[in-house]
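Undergrad: Next come the chains, spelled out residue by residue.
Protein chains: 2
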Amino acid sequence: MWKLGAIAGVIGSGVVAVGALAVAQAAAGDPVVATQAEASPIYGVTIPEGYRRWQLVAPAVEAAPLDELRAVLGNATAVAAYEVGTLPFPDGTVLVKLAWKRKQSPEFEAATVPGAATTVQVMVKDARKYASTGGWGFGRFIGGEPVDEAQHDTCWACHEGLVKDHDYVFTRYAP
Amino acid sequence: MWKLGAIAGVIGSGVVAVGALAVAQAAAGDPVVATQAEASPIYGVTIPEGYRRWQLVAPAVEAAPLDELRAVLGNATAVAAYEVGTLPFPDGTVLVKLAWKRKQSPEFEAATVPGAATTVQVMVKDARKYASTGGWGFGRFIGGEPVDEAQHDTCWACHEGLVKDHDYVFTRYAP
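In the order they appear, the protein sequences are chains A and B. Going by our numbering, the first residue of the first sequence is number 1, and it counts up by one from there. Going by our numbering, the first residue of the second sequence is number 176, and it counts up by one from there.
Accuracy of the hints is not assured; some may be wrong.
Claimed, not checked - Straight-line alpha carbon distances no greater than 16 angstroms define the calculated EDC-like cross-link-like pairs of lysine to aspartate or glutamate that follow:
| no. | chain 1 | residue 1 | chain 2 | residue 2 |
| --- | --- | --- | --- | --- |
| 1 | B | 278 | A | 62 |
| 2 | B | 339 | A | 107 |
| 3 | A | 164 | B | 282 |
Derived by calculation from the structure, the hints in this document are not laboratory data. Values in this document were obtained by computation on a predicted structure and should not be read as measured data.
Same shape as in the complex, but just chain A (with noise of 0.2 angstroms):
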């Protein structure tokens, strides 16, 4: 399934594996590939591991209903591309956004911060692998479970209608 290529790319990047039928690396320091039963469904992405050491792309706020904060992270190859704009972003980059509820600071008036984590969700680009959906796989997680498909029927709609001018990439690079 993997080209080399990709896997190359994914492995040069230091950072993340992903792909249901991707095969586990054995090189100390890569990450640890997922079983096939946490993955994604359409598009087998899972949860990188390591990812909430990555570096910051941007925080964001979702409005209610969901009132959330959200924190994109971005791998090695997502950060470099955002740093010289590079698009598209090349195969190899993944984004993970966490999301928590918004909830009052005890401590600080004017504040909300971070509640009970709710999401993690996560994009892959592999521009071969994923090519009917602009190149880019989806993995949308509760609890570190993957949601159904039918969720994961939203996320390629919603992005290729929206950010089409952005490689399908909502979030931008806060400064």
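Please arrange chain B on chain A, whose structure you already have, making use of the hints.
TA: Positioned in the frame of chain A, the structure of chain B alone reads:
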């Protein structure tokens, strides 16, 4: 892994604002505390080199009239302390809060996203040097330049009054 182009992009974009006199002290990736033009009054805290690559601690929102999105990033010492719940934070802890005006996403109605960058605020832990302010030195910067002494006079009173039980740090780690 940072490619040369990405590093050049960061420097070229002025994202990392570091005084020329501070460069020599940046080798360890740890904060620069110096007495120089770019250092904060009272505390002598500067913007640490490379902070934009540090790990996200948590995002936040500051309500109107500021109406800002915030993100606190921490150096390795800070993150290690957060991960195991170490209090007080050890010497060498540095936290940097980035702030941006919050603006409507032009592409997604429910989202607000970072607009213009406003302030960068830094906390540096050095229990001996800053013994009279809970071990913390403060720096507040606009456009890379520290604000005046009167503004820095307000830092400690607020942190001391509101978050003494969390070693004077508001931000909690967002999982």
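Undergrad: Which of the listed hints are broken here?
TA: Per hint list: zero violations.
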